[in-house]
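A.B. asks: Single-letter residue listing:
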Amino acid sequence: MKLRKAKEFVIEKLIFLSGIASVVFVVLIFVFLLREGVSVFKSIGVGEFLGGKHWYPVSTPPSLGILPFILGSLAVTIGAIVIAVPLGIATAFYIAEIAPPRLRDVLKSLIEILAAIPSVVLGFIGWMTLVPFVKSVFGIPTGLTAFSGSIMLAFMALPTIISISEDAIKFVPREYKEGAIALGATHWQTLHRVIIHGALPGIIAASMLGVGRVFGETMAVMMITGNATAIPTGLLQPVRTLTATIAAEMGEAVRGNSHYFALFAIGIVLFVISFFINFTADLFLARGRRK
Amino acid sequence: MVNLMAAWAENFNKHRRDVNVAVTGGGSGTGLTALISGACDIAQSSRAMDEKELKQAQAKGIKPNEEFVAMDGIVVVVHPKNPVKNLTMGQLRQIFMGNVRNWKALGGKNKPIVILSREFNSGTHIFFKEHVLRRGNAKGREEFSARSLLMPSSQAIAYEVAHNENAIGYYGMGYISPRQKVIAVAKDSTSPHLEPTVENVRSTAYPISRPLYLYTNGEPQGIVKEFIDFVYSKEGQEIVKETDFVPVK
Chain B
1 MKLRKAKEFV
11 IEKLIFLSGI
21 ASVVFVVLIF
31 VFLLREGVSV
41 FKSIGVGEFL
51 GGKHWYPVST
61 PPSLGILPFI
71 LGSLAVTIGA
81 IVIAVPLGIA
91 TAFYIAEIAP
101 PRLRDVLKSL
111 IEILAAIPSV
121 VLGFIGWMTL
131 VPFVKSVFGI
141 PTGLTAFSGS
151 IMLAFMALPT
161 IISISEDAIK
171 FVPREYKEGA
181 IALGATHWQT
191 LHRVIIHGAL
201 PGIIAASMLG
211 VGRVFGETMA
221 VMMITGNATA
231 IPTGLLQPVR
241 TLTATIAAEM
251 GEAVRGNSHY
261 FALFAIGIVL
271 FVISFFINFT
281 ADLFLARGRR
291 K
Chain Y
1 MVNLMAAWAE
11 NFNKHRRDVN
21 VAVTGGGSGT
31 GLTALISGAC
41 DIAQSSRAMD
51 EKELKQAQAK
61 GIKPNEEFVA
71 MDGIVVVVHP
81 KNPVKNLTMG
91 QLRQIFMGNV
101 RNWKALGGKN
111 KPIVILSREF
121 NSGTHIFFKE
131 HVLRRGNAKG
141 REEFSARSLL
151 MPSSQAIAYE
161 VAHNENAIGY
171 YGMGYISPRQ
181 KVIAVAKDST
191 SPHLEPTVEN
201 VRSTAYPISR
211 PLYLYTNGEP
221 QGIVKEFIDF
231 VYSKEGQEIV
241 KETDFVPVK
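Taken in sequence, the protein lines are chains B and Y.
Just so we're aligned, residue 1 is where the first sequence starts under the numbering used here, counting upward by one.
Just so we're aligned, residue 1 is where the second sequence starts under the numbering used here, counting upward by one.
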């Protein structure tokens with residue numbers, strides 16, 4: 001009897017530990033980022049860092065303005081969302097409501113495969129195919145642009161958007177649909193007047209998680225967006241994102257100088273933005289569940 | 001440059017089966033940083049260590065020892081269909097700083113110039129900046145145009161130049177291939193335009209040539225010394241030639 005109690009005690013504590021482990025890790029990561037990143041603000045002001053237009057980190061004195069990268073990340077993300085969200089939601093509706101069961105299974109497994117392709121592979125394929133395509137279609141000097149990155153990232157966000165939206169659509173109570181049809185609504189009317197309202201919080205959450213995926217993506221972006229440090233004025237220009245900046249320069253940054261700290265500060269910016277994206281997604285997911 | 005080191009390591013391994021040489025790329029800055037933090041035995045660099053790095057090494061108790069093992073010419077390349085084939089150092093400077101933006105101004109077609117550069121950590125990037133943009137004055141303030149595309153590798157530059165008629169880029173001699181056209185460079189408007197051939201680089205007549213170094217912590221000893229000796233040996237210098245760099249011995 002005593003042994004059993006002791007066993008339960010240990011198991012309970014173990015589960016508790018694993019439960020809070022991820023929380024502890026997140027907190028530790030944030031503390032580490034803060035500790036390393038905040039030092040950069042000893043040499044330049046927050047405004048100068050976030051709003052500075054020039055990035056020459058290894059010059060003396062260095063220019064450490066990350067505005068071009070914030071705008072670059074924004075441009076790539078917005079472009080990807082404009083492409084991926086409508087496409088993803090339409091696909092989710094097709095799979096959940098319209099496709100015959102056999103086709104549905106095939107589609108779902110294909111989408112899962114899409115999610116499993118490593119981003120560096122997608123980036124490589126994009127570089128070989130998409131970049132020359134974008135260049136010739138728009139007649140621009142180079143195809144390494146924010147827009148190419150957007151298309152590529154839209155593909156990466158699609159599996160997330162589709163599978164979560166599809167779940168949201170499936171969880172709309174059956175009575176809603178039956179009620180609508182009983183009142184004489186056509187299938188299409190039921191879809192876009194009734195079901196979409198029931199599934200909306202889930203769909204918004206799916207889109208936000210898609211945004212998070214796009215925003216944090218690094219490898220593929222670094223390969224095909226061109227990485228220019230100028231302030232972008234349009235989608236058809238080379239841009240560099242926040243993530244690509246860290247990935248490209250962390251290897252070289254000498255520990256303890258302002259360049260190194262600036263890269264960590266970019267990490268803080270990324271962390272905060274991702275946190276807000278996920279937080280918003282969670283809010284909508286929770287609202288969907290309460291209904 | 002990482003190609004050369006990889007070839008040395010591979011051939012060294014044929015003599016010493018029991019020794020495994022691990023080679024990692026990433027640029028001269030990466031290598032020197034690793035040496036300073038004690039993460040590697042040998043750092044390959046296409047530039048001499050700067051004062052800042054020397055100070056950091058001193059603070060960590062590392063005594064950098066420099067070995068001059070090969071030479072490299074930085075090649076400026078354009079798409080094979082680009083009619084421009086000769087440029088002066090002054091023109092290169094104007095192009096890469098973003099002051100000349102159309103090929104027409106250089107005797108080419110009426111097309112925008114797409115500048116390809118390497119990342120900030122690349123020894124090639126730093127060498128090109130100091131040598132071409134800053135005309136040899138390391139303390140100069142000239143920078144690459146912010147519109148230049150920072151490519152992750154020389155291979156990426158080679159690929160983009162081969163596929164984009166508007167592009168101009170630079171890389172080490174080892175990457176020369178018929179898919180890009182090599183530009184002949186003149187020191188100034190009165191000098192002859194020279195191609196980066198082995199003779200021109202070794203005699204430093206070609207204006208953009210550079211030394212390649214290996215750095216060790218203190219005088220090389222034991223297996224590190226064996227490796228350095230191999231690099232200087234006839235076989236080692238033959239490998240330099242095979243990978244399209246220029247031998248020093």
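FYI, nobody ran anything at the bench for these hints, they're computed from the structure.
Warning: the hint list may mix true and false statements.
[Stated by the list, open to error] Okay, the calculated beta carbon distance ranges per label pair: (1) B:Lys7 <-> Y:Ala39: 42 to 52 Å; (2) Y:Gly25 <-> B:Pro62: 56 to 66 Å; (3) B:Leu283 <-> Y:Pro80: 32 to 42 Å; (4) Y:Asn137 <-> B:Ser63: 47 to 57 Å; (5) Y:Gln58 <-> B:Asp167: 38 to 48 Å; (6) B:Val121 <-> Y:Glu66: 33 to 43 Å; (7) Y:Lys14 <-> B:Lys7: 35 to 45 Å; (8) B:His54 <-> Y:Glu165: 48 to 58 Å; (9) Y:Lys14 <-> B:Pro86: 56 to 66 Å; (10) Y:Gly98 <-> B:Gly51: 16 to 26 Å; (11) B:Ile125 <-> Y:Asn137: 36 to 46 Å; (12) B:Val82 <-> Y:Ser37: 19 to 29 Å.
Every residue gets a Cβ at the ideal spot worked out from N, C-alpha and C, and that includes glycine.
A.B. asks: All the hints need checking, so say for each whether the structure fits it.
C.D. replies: Outcome of the hint check:
1. Take Lys7 of chain B and Ala39 of chain Y: their Cβ atoms lie about 45 Å apart, and the range 42 to 52 Å holds.
2. Between Gly25 of chain Y and Pro62 of chain B the beta carbon distance is about 24 Å. The supplied range of 56 to 66 Å is therefore violated.
3. Restraint check, Leu283 of chain B to Pro80 of chain Y: a C-beta distance of roughly 56 Å breaks the suggested window 32 to 42 Å.
4. At roughly 19 Å, the beta carbons of Asn137 of chain Y and Ser63 of chain B sit outside the given window of 47 to 57 Å.
5. Between Gln58 of chain Y and Asp167 of chain B the C-beta distance comes to about 60 Å, which lies outside the given range of 38 to 48 Å.
6. Between Val121 of chain B and Glu66 of chain Y the beta carbon distance is about 40 Å. The supplied range of 33 to 43 Å therefore holds.
7. Remark: the range hint 35 to 45 Å for Lys14 of chain Y to Lys7 of chain B is contradicted by a beta-carbon distance near 58 Å.
8. A hinted range of 48 to 58 Å for the beta carbons of His54 of chain B and Glu165 of chain Y is inconsistent with their spacing of about 29 Å.
9. The beta-carbon spacing between Lys14 of chain Y and Pro86 of chain B, approximately 58 Å, falls within the hinted interval of 56 to 66 Å.
10. Roughly 22 Å separates the CB atoms of Gly98 of chain Y and Gly51 of chain B, a value that falls within the hinted 16 to 26 Å.
11. The hinted window of 36 to 46 Å between Ile125 of chain B and Asn137 of chain Y holds, with their beta carbons roughly 43 Å apart.
12. As the Cβ distance of Val82 of chain B to Ser37 of chain Y is approximately 44 Å, the hint placing it in 19 to 29 Å is violated.
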